[in-house]
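Peer 1: My request is simple: use the sequences and hints to build the entire structure.
Chains as they are written, first to last, in the working numbering: chain A, 1 to 680; chain B, 681 to 800.
Worth flagging that the hints you see were computed from the coordinates, not collected in a lab.
Each residue gets a CB set at the ideal place from its N, CA and C atoms; glycine is no exception.
All the given hints hold, so there is nothing to weed out.
No more than 20 Å apart at the CA atoms, straight line, and that leaves these computed lysine-lysine pairs for PhoX-like:
1. B:Lys771 x A:Lys170
2. A:Lys522 x A:Lys431
3. B:Lys754 x A:Lys170
4. B:Lys796 x A:Lys187
5. A:Lys385 x A:Lys291
Each pair of labels, with its calculated beta carbon distance range:
6. A:Glu48 x B:Asn793: 35 to 45 Å
7. A:Glu210 x B:Lys796: 21 to 31 Å
8. A:Ile414 x B:Glu719: 50 to 60 Å
9. A:Gln116 x B:Ser705: 30 to 40 Å
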Amino acid sequence: MTIDLTQFHQTFFEESLEALSDMEAELLRIDGHMSGRRVSDEFKADNESLNIIFRAVHSIKGGSSTFGFEIVANFSHVLENLLDDIREHRCKTTRNLISTLLHSCDCLRTLVQNSQNGINTLPADIDKFQVNLENLQETGCEVTPDRRRKTRGIDKNNIGNWDILFTPNKNMLSTGNDPVRIIRALKNLGNIKSQLDINSLPSWNKINPEYIYLSWNIDLLGPVEKSLIENVFSWVADDCVLDIKRNNSVHNPSASRPEHAIDSGTGTNAPAPGVSGNGLEVQSIRVSTPKVDALVDLVGELVITQTMLSQFSEEITSESIEKLQLGLGLLERNTRELQESVMRIRMLPVGFALNKLPRIVRDVSTKLGKKVKLDISGEGTELDKSVIESIGDALMHIVRNSVDHGLESPAERINAGKPETGAIHVQASQKGGSVVITIEDDGNGLNRNLILNKAIEKGLVRDDADLTDEQIDNLIFIPGFSTASQVTGVSGRGVGMDVVRTRISELGGHVEVTNNPGSGTKLTLRLPLTLAIMDGLCVKVGSQVYIIPLLSVIESLSVPEHEISRPAGGSELVPFHSEYLPFLKLYKLFNLSSAIKTTTDGIIIIVESENKKIGLLVDEIVGQQQVVVKSLETHYKRVEGVATATILGDGEVALILDISTLTNLVSHKHYQDHMLKAAS
Amino acid sequence: MATILIVDDTASMRQMIGFTLNDASYEVTEAADGNEALEAARKSKFDAVITDINMPNMDGISLVRELRSLADYKFTPILMLTTESQDSKRKECKEAGATGWIVKPFNPEQLLNVIKNVLN
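Peer 2: Dropping the structure here:
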């Protein structure tokens, strides 16, 4: 019988990566307790943390060796030995050691991911590190002699016929072993002739039915290898007197070992039950994403059908269809509930994106010699899986920036009258249809002079520009801007906040900065709950209906043609509160002839993306509705200004506008002109 | 058919063992830690138990002790999943009342041989 083990691989990879996250979290927890100590100071970590870490590596080792991932198995074996020494307090726990273990965790993660991707070579740096780990385990820790692994040689010459004397301890049955089974196993090795010895049998009234009072004298005619016989007895080696002799040697039945007492007082304590760590533990089922996506598509269709039906019912006004309308109302409610519950399958606690932050803070602050306390709250707030996966890097970048640029050194902080340890507070919460994540530090805030000079120096702003404080703060989001006065290894590698902003707007969200010079910086990320369904404003241009994501809509206004400003050489600007905004005529962009061409007759929708506002000229607003986002990519080539499409209630396809691209179409240069104009 | 309780905190091991034994027409119940296993064992009597040692909430050795204190499990074969580096653990297992062990890594055939042997 063969069983295909590859069917269990995916589960193994997933649980291994999860175990590594747990391990990392525990290491960081231990590290947190050690903060302020010197790197070589010893620390007694609590046993439950060490057990969790040990278990993680131990499980990965067991799984990887079973499923044939040798490289992973070898590495985890070395690491497990070291962890065992730490757990048994044969090894000093220091911050240095924790750093080593964190690095081991990274290496192991790489190896697991490599196996997952079918890479079966050991990267050179990990190989080197593995040797270091081995050395550390053997020299750095005091290893007691009995821990050295015994090598069991195979006795190839020890083959022949055997005479076996087998006297079980009285209570052998209490471990679930049975002499009958053992003798039967011997029978599988060769011919046996068994003689029962009942000399130790007590009188009837003294017999305890749970005890064994017998012994066996067994002739095993092979030829059989001695080690195979020992194997049969391996489980009961300590529970019996066993004498294996070649051929017909005389045996001495008198030898008897002391009974093996079960000592319930010693042994490991069961780890205390309880919820560990971050409180994110959720009862979960694993569902493959394609399956969920199919379900989401299906529900999308259902929503469309429902919309179609209700539009149809409005057209017939006979009283006889009152019932139909009632039913449709019910259908609508059911559909919405079904839709909500299906969407929830894709929702995950945002903690999955936040749990990488403690490690970043630890690594960066250690490197820079800063003291930082990271405080995370609201990690249970749920967000769509794809959103969570997409914001991880952006969050890491922001937090890295906070530690690197935002927070001051301990000395500077004391001088400024602040506590020596800087604080970063990350908070997630749901506000209406979106999730808001704020990252706030109590550092020095953004230095506006420095930012403005840098921007002027890089030609991003004219040197005679007169910008408001808010406008200056927002310069950090402009591509090519890097605030680091010198490029550090930590942040300031050219990719900066502009990448963060781009990433967030791709998701249909936006990011804002609030600057309090001297007392800190706060970044606010606003993200849609899901990417599959969104609220949209339906607008008509000519014969076409377009959807504008509601999150980016600010206002709609009707502007008489004579109020449109036309600066010499510039494009047309629409007055909006105290500003003048550029605007796009959608009919021009999409080549629609039969549309309204003047602002007097049409409507201007003010939209915002990446902190840039523009107007869009449309014919009329049709309404507001939830739209199911359909992908266009597989069937059509990408069209500038169009993100995806949806199907309307009447079965027509409507394109969903990509506001981020549209605002960028209005050139950056133009935007600056406008800012200058607005300021003057 | 014989009923077997599998206890392991890693899903992939549980699936592998469960699949193998199911395939050989044993009736399998899975538990993710000692607590779950004990609860299952109290509800119905299993003919054999296979358990991992390192588990959260209740580890394998405590589980063996608890099971042996139940009248139904006084003589039931209880097999521990161990790795080679756990020589000292084996002694501890035996003292707690374990029947024997299955050394990781093992393949499905080895597992079935061991199970066949303890189930008469």
